[in-house]
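Novice: Make a model of the complete structure from these sequences and hints.
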Amino acid sequence: MIKNPYLRAMRIERWPRSLAIFVGTYFYLLLNRIPINSCDFFKGIFDSFIAFILTLSISFLNYIINEIADAPFDIHHPLKKERPLVRGEVKKGKLIVLALFLFIFSVSISIIYFSFWVTFSLLLLFIAGIFYNIKPIRLKDIPFLDSISESVNNPIRLLIGWFSAGGREFPPILLLLLFWLAGNFLLSAKRLSELKNLGIERAKAYRKSFSGYSYKSLFLFIVSSALLCFILFIWFSLKERIITFILSTPFFIALIAWIFLRMSKDKVLADEPEVLIKKPFFSIILFLLLIFIISALIFH
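Residues 3 to 302 in the working numbering are what the sequence shown lists, from first letter to last.
Hints listed in this document are in silico derivations from the structure and should not be mistaken for laboratory results.
Heads up, a few of these hints could be off.
[What the hints assert, rightly or not] Distance condition first, Cα-Cα at most 30 angstroms in a straight line; then the derived BS3-like pairs of lysine-lysine: (1) Lys-82 - Lys-137; (2) Lys-94 - Lys-210; (3) Lys-210 - Lys-137; (4) Lys-45 - Lys-96; (5) Lys-5 - Lys-96; (6) Lys-96 - Lys-210; (7) Lys-198 - Lys-218; (8) Lys-5 - Lys-280; (9) Lys-45 - Lys-241; (10) Lys-82 - Lys-5; (11) Lys-82 - Lys-93; (12) Lys-281 - Lys-218; (13) Lys-82 - Lys-281; (14) Lys-5 - Lys-241.
These numbers come from a predicted model, not from an experiment.
Specialist: See the structure below:
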């Protein structure tokens, strides 16, 4: 448990989410057939680690924005009411200064070290956080757009990894859409979890977007996201002729089925991804998928 309230306001424990940039690194190395024993391969990995640190800074900045913008609503949530700003453990002014430092640090290092497109992608991640959290836009208050706009962080992080590893052109649109839909599927499942656990009235008080949801509409949205994600996965695998991806399809289906199984229970995906990865079945499937992913990098 992190004791410092300012570190808790930055949601330090969510650092694994920024590892998503390495998906972009992986696909750049894979699709451009960079030999794993080449200098370009190791430079791509090294530069991606630097980009990871910068991505962490922007992500922590966005969490600070969320801490400030959501304080009036978090008080209605059984867990989020314990956040530092809601409890009065931190000062808003100091959080703003911390946010400015993180922004200047990340952008200045990126301008000095990386290409324009890495800096552009980092700024895009920051802007997405502004649109998601801050009025008058505040997309998180709009039904369906809340999960769609939050999950856009997935393809943005992919872009950061792709360009930091050496990319000069944009990655395939199929890949960006696939990663976007995967995030939307998981976030929509989490919304359904919150709706079930909080109840409709309490959920509306906590998040305005719940006023436009029903169990049926949200479930159909989840199913549509999962189906489109699976179709794009198969399409991308066949288009790029990545045999190991095609062979991994049963495990991909098993992962989706497991998530749907959890959705049938009272406590669904209220767990954060950091908690989900500790579930035995989830971890085993991810490990098996990782084997196929590494195999593709070696044999494709």
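Novice: Work down the list of hints and note, for each, if the structure agrees.
Specialist: Outcome of the hint check:
1. Lys-82 - Lys-137: holds (20 angstroms)
2. Lys-94 - Lys-210: Distance ~23 angstroms between Lys-94 and Lys-210 Cα, so the pair holds.
3. Lys-210 - Lys-137: holds (13 angstroms)
4. Lys-45 - Lys-96: The given pair, whose Cα atoms are some 37 angstroms apart, is violated under the 30 angstroms limit.
5. Lys-5 - Lys-96: holds (17 angstroms)
6. Lys-96 - Lys-210: holds (28 angstroms)
7. Lys-198 - Lys-218: holds (12 angstroms)
8. Lys-5 - Lys-280: holds (23 angstroms)
9. Lys-45 - Lys-241: holds (28 angstroms)
10. Lys-82 - Lys-5: holds (16 angstroms)
11. Lys-82 - Lys-93: holds (17 angstroms)
12. Lys-281 - Lys-218: holds (27 angstroms)
13. Lys-82 - Lys-281: Judged against 30 angstroms, a Cα distance of about 23 angstroms means the pair holds.
14. Lys-5 - Lys-241: Violated, at roughly 49 angstroms.
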